[in-house]
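What follows is each chain in one-letter form.
There are 2 protein chains.
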Amino acid sequence: MKIKYNLIHKDSNCNARYGKLETRRGTFETPMFMPVGTLANVKTLTPEELQEVNSGIILSNTYHLWLRPGTDVIEKAGGLHKFMNWDGPILTDSGGFQVFSLADKENISEEGVFFKSHLDGSDLFLTPEISIEVQNKLDSDIAMSFDECPPYPVSYEYMKKSVDRTLRWAKRGKDVHKNPNQALFGIVQGGEFEDLRKYSALETVKMDFDGYAVGGTSVGEPKDVMYKMIEYATPYLPENKVRYLMGVGEPIDIIEAVIRGIDILDCVLPTRLARHGSAFTKYGRINLRNAKYKEDFSPIDSNCDCYTCKNYTKAYLRHLFACKESLGGRLLSIHNIRFLIRLTEELREAIKNNRVLEYRDEFIRNYNSKKE
Amino acid sequence: MKIKYNLIHKDSNCNARYGKLETRRGTFETPMFMPVGTLANVKTLTPEELQEVNSGIILSNTYHLWLRPGTDVIEKAGGLHKFMNWDGPILTDSGGFQVFSLADKENISEEGVFFKSHLDGSDLFLTPEISIEVQNKLDSDIAMSFDECPPYPVSYEYMKKSVDRTLRWAKRGKDVHKNPNQALFGIVQGGEFEDLRKYSALETVKMDFDGYAVGGTSVGEPKDVMYKMIEYATPYLPENKVRYLMGVGEPIDIIEAVIRGIDILDCVLPTRLARHGSAFTKYGRINLRNAKYKEDFSPIDSNCDCYTCKNYTKAYLRHLFACKESLGGRLLSIHNIRFLIRLTEELREAIKNNRVLEYRDEFIRNYNSKKE
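These protein sequences, in sequence, are chains A and B.
FYI, the numbering used here numbers position 155 of the first sequence as 141, with every residue one higher than the one before it.
FYI, the numbering used here numbers position 148 of the second sequence as 134, with every residue one higher than the one before it.
A couple of the hints might just be wrong.
One copy or two, either will do: identical chains are not told apart, so a pair holds if it fits within one copy or between any two.
In silico DSSO-like pairs for lysine-lysine, Cα to Cα no more than 30 Å straight-line [what the hints assert, rightly or not]:
id, residue 1, residue 2
1, LYS157, LYS6
2, LYS278, LYS62
3, LYS310, LYS192
4, LYS(-10), LYS338
5, LYS123, LYS278
6, LYS62, LYS102
7, LYS102, LYS310
8, LYS(-4), LYS68
9, LYS91, LYS268
10, LYS160, LYS268
11, LYS280, LYS164
12, LYS102, LYS280
13, LYS91, LYS62
14, LYS338, LYS147
15, LYS209, LYS68
16, LYS68, LYS268
17, LYS62, LYS146
18, LYS214, LYS102
19, LYS268, LYS278
20, LYS192, LYS278
21, LYS280, LYS62
22, LYS280, LYS68
23, LYS184, LYS160
In short, the hints are calculated from the structure, not lab data.
These figures come from a predicted structure and were not determined experimentally.
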C-alpha cells in the first residue's frame, strides 16, 4: 500500500470533507495542516515536539535537500525519515516552486529548467526525471510531480502552453517513478483561468495519480482569486483521492480552502512568523516584541493546549525576543504550529456537524477583532 | 532552611568530596556541574531538557537580568523560577564578573563600580547593596556576595587592597541581605598569592556565610596557577559548607578542582561550544562542522545516554550546522551539558571508591588521544 484516502463525511452545506489518510507510516485525519521541514528539520523543533502538537505529516523540500546535504547522503542514511529521526509520514515537494523563483522565463525549456543555486550562484538544471529520482531516493511517503509554477499574473496564452508542458512533465515523472512505497501526486495548474483549471484537472486525473494538488497558488494573486483557483479545480478531482493545496497557511485561507474541498495544506508561515515574534491567536496575530507585554504574565492564549501556553507568559516570551534568545522562536513555533493544527481539528469537528460555514463566520468575526 | 550541605564521603587519597546539597527546591548530589542560564534561559533549552540531563541546579546572571527584563519584572512575575518555569534550585552570581570586564580600574571606588552598559553604553553604578537587593528580588536559592574580580596578573599591592575591599563589600552585602529563603555565599579572592588567599578565606569564613566560592579564576591565568588558587583557599574553608568554583567548565579543570575539594562549578563553555558545532567526547573535542562527518552515521558518542546521541547521527548534526539550523546548537547543547554532568556523576562514583586520582589519569589519557 502506498496511501489510501477514506472520505468519511462531507459537510452538507459545502464541499468540506472529513476523512482519513492511511500511509505506511501511520494514519491521520484530514483536513490536516502540514508543518514545513525545509532542510530535514522543522526549524528549531524536534520530531517529539511535532508529535506533541499532533502533526500527522510534515513536508520537506526536495530542492533544498538536493543541494544540502545532497541526495546521496540521505540515501546512504537510509532515507529522509531515518536521517532526521521522524517516523511519521513525509511529503516532499518537487523543487519546482523554489526553482521557478530562481529561474528566468527564457531558461525554461521543454527538457527542464536552468537556474542559479541560491547558495553559490552555480548553474543547475532540474528536470521532471531528476526531481522524481531525487524524491525516490529521499524515500518520502508522498512525492510531487515536477510542474511549472508561473507567477501571477501571466497571459492566457502563456498559461495554456505552461499547462500543457506541466502535463507532459507529469507524464515523464510518472514514467520514471520507481519507489514502490511512495505515492505520487499530480498537480493541477491553470492560473486564474477557469477553462484551463478544468482542462488541467481532467487531463491530470486521466493519468491516475495517488492524489492531487492544486498548484500555482500563493504566487502573488489576491485572496479571492486564490479561492477561485481552488473552486475551478476541485469539481474535477476524484472524491476518493486526497487533495492538497500547496503553500497556504493563513488561518482564514485554510478555512476557505477546506470549504472548497481541500484536505491537506502546508506553509512555512507558522514557523517563520514565530521566529519574528508573531503569534497566532483567536483574535488575530499579536507580536510578542511589543512593549505592552513587558509585564503581561498571562499566556498567549489561556485556552491553548500547547506546551508554550501551558508553561510560559507573554512577559517571558517578550523578554526572550528582546534578548534575541532562540528559545523564543522555538516556543512560539510550537504555539503557531499547534494553532494551525488545532484549527484543522476544529474544522474536522465542524464538518462532522455540517457547520463549517458557521465556523468560518465565527472564526473571522473573532480573528478580525484584533487585540493589537 | 536555606541550604544544608552534607559531606558523605571524602576520597582517601585526595581532598575530593562526595556530598548532598539540600535546598528548598530539592536535593542534589555533589560534585555537580551547573549549566548557565544567563538571560533566564539556558540558551536554546527548556527546563524539561535540563531535568533530562540531570541538572541539579542552574546558574543565572544578575547583571544581565538587572538590565533585561529588569528586576521589577521578575519580582512581579513571582521570582526568577516562576518567570522562566524552572522549579529546581538557582544560583545567581553577583554581577561582579561582568561588571569588572566593563569597568576601568579607576572607576572602582570604595562605594561601588561605575561602568558602561554592554547594551547601549549608558552609565551604570553597581554596589554590594544593589547586587544583593537585586538577587533578593530575583529570589534565587543561592546569592553571591559582590566581590572585586581583578584580572590576571595584578601586583601584590593591588591584590592586597582588593582583598580587603572585597571583605568590606561582603560585610555590606551580608548586612542588607533580607531574603529569608535565600542562602548567601562569600567569595575568596587573593589571586595567585598564597598568603592573600589564606587571609581572604579566613576572614570570609569569620563572617559565617552559607557557602563559599573560590573566585578570581578563569581571568587569564595559566591552568597550574588556577589549580594553586584553589589549593591555597580550600584548606581554610569549613568542611560542612559547600564550595563553589566560579566559571570553570573544561572537563580536565573540573576534575582537578574536584580533587582539590570543590563541590559545584559553572561555565558557559558547553552551550557556547555547542552553538559553534563543537562537542565534548571522551577522546577530546570534535567539531561537527568538519567535512569528515558528512557520511558518518554514528552518534557523537555511542556510550552517551543523552537524547542527541540516542537519536541523531554526526552526519545529521553536521548537516544542521552546515545549514545554520539552530536545532544543531540545541541538540549539541544537550549533549555537552550532559557530558559535563555525567563527568560529575562519574567523579561521585570515583570518590565513593577512593579512586578519583586514577579516574583523572584515565580521563586525561583518553581525552588527549583526540580523534581529530
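Up to 30 Å CA-CA - LYS268 versus LYS68, copy category | Result: close only across copies, 26 Å inter versus 36 Å intra.
Within a copy, between copies, both or neither: where do LYS338 and LYS147 come within 30 Å Cα-Cα?
-> neither (41 Å within a copy, 79 Å between copies)
Have a look at LYS280 and LYS68 and pick one of within, between, both or neither, based on CA distance no larger than 30 Å.
-> Cα proximity of LYS280 and LYS68: across copies only (15 Å, versus 42 Å in one copy).
Between the shortest in-copy and the shortest cross-copy C-alpha distance, which are at most 30 Å for LYS62 and LYS102: within, between, both, or neither?
-> within (27 Å within a copy, 53 Å between copies)
First find the shortest C-alpha distance between LYS310 and LYS192 inside one copy, then the shortest across copies, and answer within, between, both or neither for a cut-off of 30 Å.
-> Neither way: LYS310 and LYS192 sit 52 Å apart in one copy and 43 Å across, limit 30 Å.
30 Å Cα cut-off: does LYS(-10) pair with LYS338 within a copy, between copies, both or neither?
-> within (20 Å within a copy, 60 Å between copies)
From the Cα coordinates, with 30 Å as the cut-off, is the pair LYS209 and LYS68 best called within, between, both, or neither?
-> Close neither inside one copy (38 Å) nor across copies (43 Å); limit 30 Å.
Evaluate LYS62 and LYS146 at a C-alpha cut-off of 30 Å and name the case that applies: within, between, both or neither.
-> The answer is neither: 41 Å in one copy and 64 Å across copies each exceed 30 Å.
Status of LYS278 relative to LYS268 across identical chains (alpha carbons, at most 30 Å) | within (19 Å within a copy, 48 Å between copies)
For the identical chains here, do LYS102 and LYS280 meet the 30 Å Cα criterion within one copy, between copies, both, or neither?
-> Answer is between: at 24 Å across copies they meet the 30 Å cutoff, but 45 Å inside does not.
Under a CA distance limit of 30 Å, which applies to LYS184 and LYS160: within one copy, between copies, both, or neither?
-> Cα proximity of LYS184 and LYS160: one copy only (21 Å, versus 81 Å across).
Which holds for LYS102 with LYS310 at a C-alpha limit of 30 Å: within a copy, between copies, both or neither?
-> between (32 Å within a copy, 21 Å between copies)
In this structure, the hints that do not hold are numbers 3, 8, 9, 10, 13, 14, 15, 17, 18 and 20, in rising order.
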